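For the protein sequence lines, the chains are A and B, in the order given. Just so we're aligned, residue 1408 is where the first sequence starts under my numbering, counting upward by one. Just so we're aligned, residue 91 is where the second sequence starts under my numbering, counting upward by one.
Keep in mind the hints are simulated off the structure, nothing from the lab. Given the structure is predicted, the values throughout are model-derived calculations rather than measurements. Do not rely on the hints blindly, as some may be mistaken.
[Claimed, not checked] Here are some, though not all, of the chain A residues that point toward chain B, as calculated from beta-carbon distances under 8 Å:
#1 Gly1477
#2 Trp1553
#3 Asn1612
Ideal placement from N, C-alpha and C gives every residue a C-beta, glycine not left out.
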Amino acid sequence: MIVAGFNTACDGIAREMALLQLEQPAALLWSSATPTLVLPAALMRSPHVQEAAAQAERAGFPVVTRRSGGGIVPQGPGTLNLALVLPAPPGFQLEDGYRLICNSLAEALTRFDIRSTTGECARSFCDGTWNVLVEGRKLAGTAQRWRSSGSGPIVLAHAAILVTRPDAAHWSVMDQLHRAAFPGSAKLCCEAHVALTDLMGEGTNPESFSGALARAAEDRLSSLISREVKAA
Amino acid sequence: MATEIIIPSDLWEGDEESVITAWLADDGAQVKEGALIAEIMTAKVQHEISAPASGTLSIAKEQDAIVAKGYVIGTIE
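Only chain A is shown next, with the shape it has when bound in the complex (with noise of 0.2 Å):
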């Protein structure tokens, strides 16, 4: 496990493409310092995105890109992340990429007596059916890129966690942003999410959720990888 702490989301995202290329098994838990909006690159074809992306970054918000699938995610020292690479195994699908960083996470929730499920989430940033769930709340985003290669895909499965909520400026950035990607859609609702620190109380180091994290993580890629050994 590579556990790395960043200046700006740009480093860490660029880390998690440098293992992606290495074609190895790696795992990477990473924190930006920089306040930031991340979102696909495709989003960013849009001049109404680019628009409301200048205007993010008047108001103190970098916007950068990443080239995974998703909407627009917050970074910064409030959210963890969990980078998972490995190379498909025979018959590995899309979901088995999420089932792997869902499940890592679960784990790592079950050893301080917390329950998660996942699912989707109205009004949640960067929705979809694998968000890692407490009580119905979001308290992580998913999403994976596949890179081709000579010997099969390569998976890189992402979980950005929410350590704490983001404040209020973040917030209203983040929903103008995420407007002007998906027209039409409901207002982001920092109520619909949940994060670590609201979980945990205050007695609780979130340092040792990431310890728990890293174990639960590196135990299931090894896992899955000792299990493609034997199988060949």
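Please arrange chain B on chain A, whose structure you already have, making use of the hints.
Frame of chain A, contents of chain B only:
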């Protein structure tokens, strides 16, 4: 004979469609087998499509088109 560029049919479980988010080579371009030529997105997954053969690329479905599993989005001749 033309080689079809097909949206994989075994990549995900459901019948969800995907979007062609980018063509990374132009219509009529010469491409090499294995080169990255397109990206599709489904269920928040960005998936790279490589050229299945070397030759001249002919794009059948443009960027932002919504396509189903098994759909032919282009050919290489």
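Results of checking the hints against the structure:
1. Gly1477: 4 Å, holds
2. Trp1553: 4 Å, holds
3. Asn1612: It is violated, given that the least Cβ distance between Asn1612 (chain A) and chain B is near 31 Å, above 8 Å.
Hint check: a violation occurs at hint 3 only; the rest are consistent with the structure.
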